[in-house]
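Given these sequences and hints, build the entire structure.
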Amino acid sequence: MTEKTIYESMVERGLSRRDFLKLATLMTAALGLEYSQLPKVVHAMENKPRLPVIWLEFQDCAGCSEALTRSHDPYLTKLLFNDISVDYHETLFAAAGKQAEENKERVMDEYEGQFVLVVEGSIPTKDNGVYCTIGGRSAIDLLEEAASKAMAIISVGTCASFGGLPHANPNPTGAVGVHELVKDKPIIHVPGCPPIPEVITNTIAHVVLLGEIPELDALGRPKAFYGQTVHDRCPRRPFYERGQFAESYDDKGAKAGWCLYKLGCKGPTTYSACATIKWNEGVSFPVQSNHPCLGCTEPDFWDGGGFYKSLAAPPGAEAARGAQAGFASLGGAALAVGSALYARKIKQKAAEEFKAQKKKEA
Amino acid sequence: MDWLEFFRGPMFQIALLVFILGMVYRFLRIVLMGWKKDYSPPRGSAAAGVVKTYVKGLGFLPFLPPKFPGTRHRPLTYIAGGMFHLGLFVVIFLSTPHMEAWRSVLGFGWPTLPTPFIDGFAAMSMIGMIILLSNRIVSPVGRMLTGLGEWLNWIVVFLPLLSGWVLYHHLFGMPYQTIFAIHMFTVDWLLIWIPFSRISHFMTYFITRTMHGAKFGRLGVEP
Numbered sequence: 001m002t003e004k005t006i007y008e009s010m011v012e013r014g015l016s017r018r019d020f021l022k023l024a025t026l027m028t029a030a031l032g033l034e035y036s037q038l039p040k041v042v043h044a045m046e047n048k049p050r051l052p053v054i055w056l057e058f059q060d061c062a063g064c065s066e067a068l069t070r071s072h073d074p075y076l077t078k079l080l081f082n083d084i085s086v087d088y089h090e091t092l093f094a095a096a097g098k099q100a101e102e103n104k105e106r107v108m109d110e111y112e113g114q115f116v117l118v119v120e121g122s123i124p125t126k127d128n129g130v131y132c133t134i135g136g137r138s139a140i141d142l143l144e145e146a147a148s149k150a151m152a153i154i155s156v157g158t159c160a161s162f163g164g165l166p167h168a169n170p171n172p173t174g175a176v177g178v179h180e181l182v183k184d185k186p187i188i189h190v191p192g193c194p195p196i197p198e199v200i201t202n203t204i205a206h207v208v209l210l211g212e213i214p215e216l217d218a219l220g221r222p223k224a225f226y227g228q229t230v231h232d233r234c235p236r237r238p239f240y241e242r243g244q245f246a247e248s249y250d251d252k253g254a255k256a257g258w259c260l261y262k263l264g265c266k267g268p269t270t271y272s273a274c275a276t277i278k279w280n281e282g283v284s285f286p287v288q289s290n291h292p293c294l295g296c297t298e299p300d301f302w303d304g305g306g307f308y309k310s311l312a313a314p315p316g317a318e319a320a321r322g323a324q325a326g327f328a329s330l331g332g333a334a335l336a337v338g339s340a341l342y343a344r345k346i347k348q349k350a351a352e353e354f355k356a357q358k359k360k361e362a
Numbered sequence: 001m002d003w004l005e006f007f008r009g010p011m012f013q014i015a016l017l018v019f020i021l022g023m024v025y026r027f028l029r030i031v032l033m034g035w036k037k038d039y040s041p042p043r044g045s046a047a048a049g050v051v052k053t054y055v056k057g058l059g060f061l062p063f064l065p066p067k068f069p070g071t072r073h074r075p076l077t078y079i080a081g082g083m084f085h086l087g088l089f090v091v092i093f094l095s096t097p098h099m100e101a102w103r104s105v106l107g108f109g110w111p112t113l114p115t116p117f118i119d120g121f122a123a124m125s126m127i128g129m130i131i132l133l134s135n136r137i138v139s140p141v142g143r144m145l146t147g148l149g150e151w152l153n154w155i156v157v158f159l160p161l162l163s164g165w166v167l168y169h170h171l172f173g174m175p176y177q178t179i180f181a182i183h184m185f186t187v188d189w190l191l192i193w194i195p196f197s198r199i200s201h202f203m204t205y206f207i208t209r210t211m212h213g214a215k216f217g218r219l220g221v222e223p
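Chains as they are written, first to last, in the numbering used here: chain A, 1 to 362; chain B, 1 to 223.
What the hints contain is simulated information worked out from the structure, not anything from laboratory work. Just so we're clear, the structure is a prediction, and the values are computed from it rather than from any experiment. By construction, the Cβ of each residue, glycine as well, lies at the ideal position given by its N, Cα and C atoms. Don't take each hint at face value.
To be verified - Computed footprint of chain A on chain B, listed as stretches where at least three residues anywhere in the stretch have a Cβ under 8 Å from a Cβ of chain A: (1) 3-16; (2) 27-39; (3) 85-98; (4) 105-114; (5) 162-176.
What the hints assert, rightly or not - According to the in silico footprint, chain B covers these stretches of chain A (three or more CB under 8 Å from chain B): (6) 235-247; (7) 300-308; (8) 331-340.
As the list claims (entries may be wrong) - With a straight-line cut-off of 35 Å between C-alpha atoms, the simulated DSBU-like cross-links for lysine-lysine are: (9) B:215 with B:56; (10) B:37 with A:349; (11) A:22 with A:223; (12) B:36 with A:349; (13) A:358 with B:215; (14) B:37 with A:355; (15) A:40 with A:22; (16) A:40 with A:149; (17) B:37 with A:360; (18) B:36 with A:355; (19) A:347 with B:37; (20) A:309 with A:252; (21) A:347 with A:359; (22) B:215 with A:349; (23) B:36 with B:56; (24) B:37 with A:359; (25) A:278 with A:255; (26) A:349 with A:359; (27) B:36 with A:345; (28) A:278 with A:309; (29) B:215 with A:345; (30) A:360 with B:36; (31) B:215 with A:355; (32) A:358 with B:36; (33) A:252 with A:278; (34) A:98 with A:183; (35) A:358 with B:37; (36) B:52 with B:37; (37) A:347 with B:36; (38) B:36 with A:359; (39) B:52 with B:215; (40) A:40 with A:183.
Okay, structure coming up:
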């Protein structure tokens with residue numbers, strides 16, 4: 001099948017060579033690549049045919065898709081929807097029902113081993129996956145079919161990456177992330193609840209454009225966006241160092257924009273570009289808006305011990321800990337009294353024996 | 001549950017309980033050993049003696065090194081020991097994350113120091129420990145006085161300091177959670193180890209001082 005390249009489809013839409021090069025330069029920067037990589041991007045856009053993206057949604061809230069539509073990088077978004085084609089997306093699709101499903105099947109067969117599969121939402125595994133079905137088929141079934149034909153998989157959002165909210169204790173549906181079920185395909189994690197829109201678009205663009213997996217960290221996240229913690233890039237970091245903390249949401253410290261560490265900020269353990277790329281066209285991000293980071297790009301962030309509890313405080317209920325400490329003290333005391341009494345008894349016995357011995361001798 | 005959650009959660013809780021149980025046992029076991037009866041009339045106040053020994057021991061002598069005979073004879077042990085103890089105290093009680101951990105256990109908090117100070121005290125503490133260890137290794141008397149327990153004590157105390165330092169400075173490019181988990185693991189082991197070792201002198205020191213102070217204050221006669 002002969003497909004137009006991205007460059008050709010741009011020329012068709014009336015863009016000049018100059019526009020194209022500008023876009024390629026922007027893309028290079030957006031992908032987190034060095035300027036020296038520009039020719040690589042240009043070459044890819046000139047020669048690669050537009051590749052389809054299939055976007056599957058399972059146990060999710062569609063928040064990641066919502067985020068995607070709010071990407072403030074118009075070039076990337078246009079690129080994604082005009083030149084890289086998203087051929088199946090339940091939420092954004094105008095079509096529905098049988099025709100939409102048929103289209104998906106067609107794309108999967110035509111582009112077998114070439115398309116990029118984006119997954120949003122976790123996959124329930126309990127009771128044969130009955131807790132999430134689309135068109136009468138379970139999420140596990142749909143994922144396995146699509147994954148077997150895909151070139152690579154991008155797990156968008158914390159649910160698809162690590163199980164997310166549905167995976168939270170007690171995990172009634174047995175929800176898992178994609179990597180727990182699919183073992184034989186490259187998987188990129190783009191966690192976040194939702195992820196930063198630009199991080200979603202940039203990661204998809206990277207894979208589709210360059211046909212390669214970006215450099216990943218230990219948890220499978222692109223290093224370009226998940227290389228540093230929120231804490232390390234936080235504009236409130238100097239207050240942390242100076243020991244100036246907000247103690248409540250309406251005290252002097254909160255009004256002065258001091259560090260939110262004591263209010264439960266998870267910035268130090270959370271790898272994300274929130275503090276640099278920010279949200280809503282770079283307007284703000286949670287900490288800037290006076291709310292602690294929840295740590296949404298990390299596995300099991302729902303079960304981390306409480307959003308509003310300091311990171312240094314061990315998880316678990318304080319009352320239970322107090323009661324257990326009380327019992328431990330009582331146990332220690334009982335042990336000490338018992339052993340002291342026993343020692344005294346031995347001492348007395350020895351003294352009596354000594355007396356008896358002396359009497360005998362006398 | 002990942003390692004970090006385990007070492008911060010259940011393992012920390014177990015360590016804390018072992019620590020509490022062990023220290024309560026040690027404290028009561030010493031107190032319940034009993035006191036010898038003092039038959040002579042006291043020649044001074046026992047309470048005043050206790051106060052005096054704490055003022056001297058904690059508030060006065062450490063800041064007047066030349067007056068203390070130990071300083072003249074073993075300056076290295078005295079200075080490095082001071083660096084280590086003061087540094088450790090500041091790191092454990094006056095750094096914000098540690099105070100938050102205490103607050104979650106005790107239910108109340110207190111003001112803390114800015115991180116560069118804590119950083120400095122932690123460095124001072126570790127340098128003090130390295131000097132003390134080197135001294136022990138080099139000195140033949142030190143080597144003879146040191147058993148397996150003492151070598152282990154050094155390691156068990158040094159590791160939380162070192163891992164905390166690596167954690168704060170993001171050294172070796174390790175993910176924050178990994179080194180945080182290692183830090184918590186070393187802290188858990190320290191807590192478990194304390195009641196079984198001579199590190200429990202953080203408590204028994206006060207028992208000894210109190211007893212000696214009372215004895216010297218009272219100036220009675222024991223048969």
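We went through each hint and held it up to the structure:
1. Counting residues of the stretch 3-16 of chain B whose beta-carbon sits less than 8 Å from any beta-carbon of chain A gives 7, enough to reach three: the coverage restraint holds.
2. A count of 6 residues in the stretch 27-39 of chain B with a Cβ less than 8 Å from any Cβ of chain A is obtained; the coverage claim is therefore met, three being the minimum.
3. For the stretch 85-98 of chain B, the assignment as covered by chain A holds, since 3 residues bring a beta-carbon within under 8 Å of that chain's beta-carbons and 3 suffice.
4. Counting residues of the stretch 105-114 of chain B whose CB lies closer than 8 Å to any CB of chain A gives 5, so the stated coverage by that chain holds, three being the minimum.
5. Evaluation of the coverage hint for the stretch 162-176 of chain B: fulfilled, as 3 residues show C-beta separations to chain A shorter than 8 Å, against a requirement of three.
6. Given a C-beta distance limit of less than 8 Å, the hint that chain B covers the stretch 235-247 of chain A holds, as 5 residues qualify and 3 suffice.
7. Beta-carbon proximity to chain B at under 8 Å applies to 4 residues in the stretch 300-308 of chain A; the threshold of 3 is reached and the given coverage holds.
8. Residue count for the stretch 331-340 of chain A with a Cβ under 8 Å from a Cβ of chain B: 8. That meets the three needed, and the coverage hint holds.
9. Proposed proximity of residue 215 of chain B and residue 56 of chain B is supported: the alpha carbons are some 15 Å apart, at most 35 Å.
10. As the CA atoms of residue 37 of chain B and residue 349 of chain A are separated by approximately 20 Å, the hinted pair is consistent with the 35 Å bound.
11. Restraint check for residue 22 of chain A and residue 223 of chain A: the C-alpha separation of about 25 Å stays at or below 35 Å, so the hint holds.
12. Of the pairs offered as hints, the one joining residue 36 of chain B and residue 349 of chain A holds, with about 19 Å between alpha carbons and a cut-off of 35 Å not exceeded.
13. A threshold of 35 Å between alpha carbons decides the hint, and for residue 358 of chain A with residue 215 of chain B the separation of about 33 Å falls inside it, so the pair holds.
14. Of the supplied pair hints, the one linking residue 37 of chain B and residue 355 of chain A holds, its CA atoms being roughly 21 Å apart against a limit of 35 Å.
15. With a CA separation close to 14 Å, the supplied pair residue 40 of chain A and residue 22 of chain A stays within the 35 Å bound.
16. Straight-line distance between C-alpha atoms of residue 40 of chain A and residue 149 of chain A comes to about 27 Å, which keeps the hinted pair within the 35 Å bound.
17. Annotation: proposed proximity of residue 37 of chain B to residue 360 of chain A holds, straight-line Cα distance about 29 Å (limit 35 Å).
18. A hinted pair counts as satisfied when its Cα atoms are at most 35 Å apart, and residue 36 of chain B with residue 355 of chain A qualifies at roughly 20 Å.
19. A hinted pair counts as satisfied when its Cα atoms are at most 35 Å apart, and residue 347 of chain A with residue 37 of chain B qualifies at roughly 17 Å.
20. Taking the CA atoms of residue 309 of chain A and residue 252 of chain A, the gap is about 20 Å. The hint holds against a cut of 35 Å.
21. As the CA atoms of residue 347 of chain A and residue 359 of chain A are separated by approximately 18 Å, the hinted pair is consistent with the 35 Å bound.
22. For the suggested pair residue 215 of chain B and residue 349 of chain A, the alpha carbons sit about 29 Å apart, so the restraint of at most 35 Å is met.
23. Only pairs whose Cα atoms come within 35 Å are accepted, and residue 36 of chain B paired with residue 56 of chain B is accepted, the gap being roughly 26 Å.
24. For the proposed pair residue 37 of chain B and residue 359 of chain A, the alpha carbon gap of about 26 Å is at most 35 Å, so the pair holds.
25. In summary, the hint linking residue 278 of chain A to residue 255 of chain A is supported, as the alpha carbons are separated by about 21 Å, within the 35 Å threshold.
26. The suggested pairing of residue 349 of chain A with residue 359 of chain A holds, with an alpha-carbon distance near 15 Å, which does not exceed 35 Å.
27. Distance check on the hinted pair: residue 36 of chain B and residue 345 of chain A sit about 17 Å apart at the alpha-carbon level, within 35 Å; holds.
28. Proposed proximity of residue 278 of chain A and residue 309 of chain A is supported: the alpha carbons are some 24 Å apart, at most 35 Å.
29. Between residue 215 of chain B and residue 345 of chain A the CA atoms are separated by roughly 27 Å; this keeps the pair inside 35 Å, and the hint holds.
30. For the proposed pair residue 360 of chain A and residue 36 of chain B, the alpha carbon gap of about 28 Å is at most 35 Å, so the pair holds.
31. In summary, the hint linking residue 215 of chain B to residue 355 of chain A is supported, as the alpha carbons are separated by about 31 Å, within the 35 Å threshold.
32. Pair hint residue 358 of chain A plus residue 36 of chain B holds up; C-alpha atoms about 24 Å apart against a cutoff of 35 Å.
33. Restraint check for residue 252 of chain A and residue 278 of chain A: the C-alpha separation of about 25 Å stays at or below 35 Å, so the hint holds.
34. Taken as a hint, the residue 98 of chain A and residue 183 of chain A pair is honoured in the structure, with Cα atoms around 30 Å apart against an allowance of 35 Å.
35. A hinted pair counts as satisfied when its Cα atoms are at most 35 Å apart, and residue 358 of chain A with residue 37 of chain B qualifies at roughly 24 Å.
36. For the hint pairing residue 52 of chain B with residue 37 of chain B, the CA-to-CA distance comes to about 23 Å; that is within 35 Å, so the pair holds.
37. A C-alpha spacing of about 14 Å is found between residue 347 of chain A and residue 36 of chain B, which places the hinted pair at or below 35 Å, so the restraint holds.
38. Distance hint between residue 36 of chain B and residue 359 of chain A is fulfilled; the C-alpha atoms sit about 26 Å from each other, no more than 35 Å.
39. At roughly 12 Å between alpha-carbon atoms, residue 52 of chain B and residue 215 of chain B fall within 35 Å of each other, so this suggested pair holds.
40. Distance hint between residue 40 of chain A and residue 183 of chain A is fulfilled; the C-alpha atoms sit about 30 Å from each other, no more than 35 Å.
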